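> With chain A's structure known, arrange chain B on it following the hints.
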Amino acid sequence: MELILLLFIFVLAAFLGFELIAKVPSQLHTPLMSGSNAISGITVVGAILAVHTSSSGLSVWLGFAAIVLATVNVVGGYMVTDRMLGMFKKKGKK
Amino acid sequence: MNAEIIVNLSYIVAAILFVFGIKMLGKADTAKRGNLLSSVGMLLAVVVTLLSKGLDYPLVIGGLALGSAIGFVAAKRVQMTGMPELVALFNGFGGLASLLVGWAEYQRVVDLAAVKIPVGELVLKVKTHLVTIDPFTAAVTVLAILIGGITFTGSMYAWGKLSGKLGGRALTFTGQKAFNALLALGIIAAGVIFSIAPTAEIAYPLLIVVIVLSLLLGIFAVMPIGGGDMPVVISLLNACSGLAACAAGFVINNNVLVVAGCLVGASGLILTVIMCKAMNRTLVNVLFSGFGATAQASSGESTGELKPISPEDAYYILEAAKNVIIIPGYGMAVAQAQHAVKELGELLEANDCEVRFAIHPVAGRMPGHMNVLLAEADVPYEQLAEMDDVNPTIEMVDVAIVIGANDVVNPAAANDESSPIYGMPIIQAHKAKTTFCLKRGKGTGFSGLENQLFTSPNTRMIYGDAKATVTRMVTQFKES
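Line by line, the protein sequences are chains A and B. Numbering-wise, the first sequence is residues 1 to 94 according to the working numbering. Numbering-wise, the second sequence is residues 1 to 480 according to the working numbering.
Isolated chain A, as found in the complex (with noise of 0.2 Å):
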């Protein structure tokens, strides 16, 4: 069941994501790329999930690898993302 529901968010989570991207100016394309990319570091989430005291060896050491990649994509990828918008932003005000 638990497995059905999953889907079922799978499902309309893809339905989501294409209704988001309708307009975007392309001088954003860059921005959103990057940010969405920082999103999909969550897989950061299961990396931490996968580093138990119960699991041995390699698996430990597999999810701290992950943890670090994956660390790197989301906090790297904000801030990216933020300076880019940044300059953007200084022109507004003016």
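Hint data in this document are derived by calculation from the structure and do not stem from the laboratory. Check the hints yourself; a few may be wrong.
Claimed, not checked - Quick look at which bits of chain A chain B covers, simulated, 3 or more residues with Cβ under 8 Å:
#, region
1, 8-19
2, 32-45
3, 50-64
4, 68-81
Claimed, not checked - Below 20 Å or equal to it, Euclidean Cα-Cα: the simulated EDC-like pairs (lysine to aspartate or glutamate) are:
#, chain 1, residue 1, chain 2, residue 2
5, B, LYS322, B, GLU382
6, B, LYS23, A, GLU19
7, B, LYS27, A, ASP82
8, A, LYS23, B, GLU386
9, A, LYS23, B, ASP29
10, B, LYS76, A, GLU19
11, B, LYS32, A, GLU2
12, A, LYS23, B, ASP389
13, B, LYS277, A, ASP82
14, B, LYS23, A, ASP82
15, A, LYS23, B, ASP388
As the list claims (entries may be wrong) - Here are some chain A residues pointing at chain B (derived, C-beta under 8 Å):
#, residue
16, LEU3
17, VAL24
18, LEU28
19, GLY86
Remember, it's a predicted structure, so these values are computed and weren't measured experimentally. Even glycine gets a Cβ: it sits at the ideal position worked out from N, Cα and C.
Chain B in isolation, oriented as in the chain A frame:
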């Protein structure tokens, strides 16, 4: 209320923040807040996950700290011009992380299945079938690894191309498509057998096969795509990294991974299609045509000759001009010329000349790349013009200054059917009364195509570093 409910409720809130974040990123005045909102969602998701029982905290916190430090430094230190590469790099990391999550989960289950039986001094590991993996979980594990692996090496290869470490040209070899098809078939075969019997003796080696082949496929799939198409490729790989996270979510039954990953996957896919439309090409065409690798057959080498002039001579023409458009391209980014260009624009305006910046939707290495750079240099918003606003009146323009742009002003796109970029809308710089092309050398552009604009009768070439050239023009203006 027990912890699991709190965690799941928080995941729902995080998902809502992601949805609003993406929505707001699509509008100029709310974009910055949207990004902030989605980062709050991410923080919430991570923090509540840390509440789960039995985590190995020193390692978890250590990993988070290390990753944050690396991400922080990379994002702070990167130059605006290096942005596309960095996004590709981050994206690759995300893909690899999803691959590792899928792998780690399988490893964990395999470990659980092995019961340790002490026999005297020795400890025997005996495989049991007490813990089973259902075929669905096995199949999504393969998907997380496959998509994550392709995303990783594909992004790395794209990063190499964008940062100039690997040549920008499309690389093809005979039988490449067949080779890629073979790789894909190998992955499917190994993946299917693994999914049917995930606990069998042969399952683990098969999983390793899937990992290796996926990594190879990422490289070979991006290899034949020319540098000019990298924006589309990165956008597609971004969608893939979302889908990889989504598949990892199915592996560990985690709803926030499924929702967020799927959102990124779907919105990334749509963005990719929008970008392809801007170049008047289809996604299939971008991925499989081996763009720019095929030698141009009929268009012939340069029919006219290149007519170079010095920046000083160019100045005299500019001084008399009443209507100038500046067409920036990747060359401006490389030369870091945006501030000098902005200064030139100001001087021209002061000289009673109308100045506009004509920005092609795919100029640079990422869509909107030029907008970001010109915004950094504080170019007034009113001066930025889109291709469709400039083209109808381009015959009235006295001087069009092309700064390090190539394909987006290549007339072959409009009149040479054999050209690989035929059909792509361009800024028609060749119709301006005079065109200056600032270029580093005489070679072809990033995509490896000849450009007829450079040899057209009213074009003058100004060779050299774009920043130095523009600065010399600026100096001339100031001295006179």
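> Hint by hint, say whether it matches the structure.
A quick look at each hint next to the structure:
1. 8-19: The restraint on the region 8-19 of chain A holds, since 8 of its residues have a Cβ under 8 Å from chain B and three suffice.
2. 32-45: holds (count 14)
3. 50-64: Satisfied; 13 residues make the cut.
4. 68-81: Answer holds; 14 residues pass the 8 Å Cβ test.
5. LYS322/B / GLU382/B: This hinted pair holds, its Cα atoms lying about 17 Å apart.
6. LYS23/B / GLU19/A: holds (9 Å)
7. LYS27/B / ASP82/A: OK: LYS27/B and ASP82/A at ~14 Å, within 20 Å.
8. LYS23/A / GLU386/B: Given that 20 Å is the threshold and the Cα spacing comes to 16 Å, the pair holds.
9. LYS23/A / ASP29/B: It holds: about 14 Å lies between the C-alpha atoms, which stays within 20 Å.
10. LYS76/B / GLU19/A: violated (33 Å)
11. LYS32/B / GLU2/A: Given pair LYS32/B, GLU2/A is violated - Cα atoms ~36 Å apart, limit 20 Å.
12. LYS23/A / ASP389/B: At roughly 18 Å apart (the allowed maximum being 20 Å), ASP389/B and LYS23/A satisfy the hint.
13. LYS277/B / ASP82/A: violated (27 Å)
14. LYS23/B / ASP82/A: holds (16 Å)
15. LYS23/A / ASP388/B: Holds, at about 17 Å.
16. LEU3: holds (7 Å)
17. VAL24: holds (4 Å)
18. LEU28: holds (6 Å)
19. GLY86: holds (7 Å)
Of the numbered hints listed earlier, those contradicted by the structure are 10, 11 and 13.
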